[in-house]
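Trainee: Now for the letters of each chain:
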Amino acid sequence: MAIEVPVEHVLLVAAGLFLLGLLGVLVRRNIIFLLMSLEVMMNSAGLAFIAAGAKWGAPDGQIMFMLILALAAAEVAVALGLVLQISRRFDTLDVDAASELNG
Amino acid sequence: MDLALFWIPAAVALASTLLVITRKNAAHALIYLVVSLLSVAVIFFVLGAPFAAALEVVIYAGAIVVLFLFVVMMLNLGNTSVMRESRWLRPGMWVGPAILVSILLITMVYVIVGLPNANVTTGEMVGPKAVGNELFRPYLLAVELAGFLLLAALIGAYHLGRRYLEQRREP
Chain A
49 MAIEVPVEHV
59 LLVAAGLFLL
69 GLLGVLVRRN
79 IIFLLMSLEV
89 MMNSAGLAFI
99 AAGAKWGAPD
109 GQIMFMLILA
119 LAAAEVAVAL
129 GLVLQISRRF
139 DTLDVDAASE
149 LNG
Chain B
12 MDLALFWIPA
22 AVALASTLLV
32 ITRKNAAHAL
42 IYLVVSLLSV
52 AVIFFVLGAP
62 FAAALEVVIY
72 AGAIVVLFLF
82 VVMMLNLGNT
92 SVMRESRWLR
102 PGMWVGPAIL
112 VSILLITMVY
122 VIVGLPNANV
132 TTGEMVGPKA
142 VGNELFRPYL
152 LAVELAGFLL
162 LAALIGAYHL
172 GRRYLEQRRE
182 P
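Heads up: the protein sequence lines correspond to chains A and B, in order.
To get the numbering used here, take the position in the first sequence, counting from 1, and add 48.
To get the numbering used here, take the position in the second sequence, counting from 1, and add 11.
Isolated chain A, as found in the complex:
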């Protein structure tokens, strides 16, 4: 069942989730937590798209969400490979350890 929800409320929740993810990216130093926060941010962007799609009763919002999903899956696959490399090379998950281009 679907109900009528003011779009402002959904956008407020999406903004809250996005900013929580941003706070995580700013504060955490562990690269795994950075990636989790990025996932939260992308998810909140998807929520905003779904809200817009529901406002007009159109499927376009859901399609944009699916494209975000594909992007998130691709990003996570590559980033976790990089996490494995960083943990092997520097023996830590600290992002600051990998701050130089010539590792």
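Please note: incorrect hints may appear among the correct ones.
[As the list claims (entries may be wrong)] Computed list of lysine to aspartate or glutamate pairs in EDC-like fashion (alpha-carbon distance at most 16 Å, straight line):
#1 A:103 to B:135
#2 A:103 to A:52
#3 A:103 to A:56
#4 B:35 to B:96
#5 B:140 to A:108
#6 B:35 to A:52
FYI, nobody ran anything at the bench for these hints, they're computed from the structure.
Using the hints, position chain B against chain A.
Mentor: Frame of chain A, contents of chain B only:
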């Protein structure tokens, strides 16, 4: 009454996301991330997007988080990493970023609340059939591009992971 159906999962999502970014143990944070993603899936369902809700459960909570869990298990993070995490994460570190983020939040709330006239969602389900019809007609090019992106990610992940396994075998 109806709005409670939206705000309850929204509150769960916000609370579990806050727990995700404050945990010290990566596995605990991942479980809270699953809770957050599932509650966002409930919000999608309430908003009338059942197909997106199903995809959220299957791909986000199912595939992506499991991928994270595999990496956490491969890295074998134990008590030492939790202790290192609490050394990195002093309470004072939260102050500056929290202030900056709350400034952004206040700005966004001001803009969103100040929107003209009430916008309300239609309250109608947009089912998988409508999504599929739209996806494979006007958005066909976007589907192809997403396929390219996933192929590139596949090759990149394979490349990075293969070197990891080879160099690990050497000693």
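Trainee: If a hint holds in the structure, say so; if it does not, say that too.
Mentor: Hints versus structure:
Annotation: proposed proximity of residue 103 of chain A to residue 135 of chain B holds, straight-line Cα distance about 10 Å (limit 16 Å). Between residue 103 of chain A and residue 52 of chain A, the direct Cα distance comes to roughly 9 Å. Compliance with the 16 Å bound is thereby established for this hinted pair. Taking the CA atoms of residue 103 of chain A and residue 56 of chain A, the gap is near 11 Å; set against the 16 Å cutoff, the hint holds. Among the hinted pairs, residue 35 of chain B with residue 96 of chain B is consistent with the structure: their alpha-carbon atoms are about 6 Å apart, no more than 16 Å.
For the suggested pair residue 140 of chain B and residue 108 of chain A, the alpha carbons sit about 13 Å apart, so the restraint of at most 16 Å is met. With a C-alpha separation of about 39 Å, the suggested pairing of residue 35 of chain B with residue 52 of chain A is violated against the 16 Å cut-off.
In summary, the one numbered hint that this structure violates is 6.
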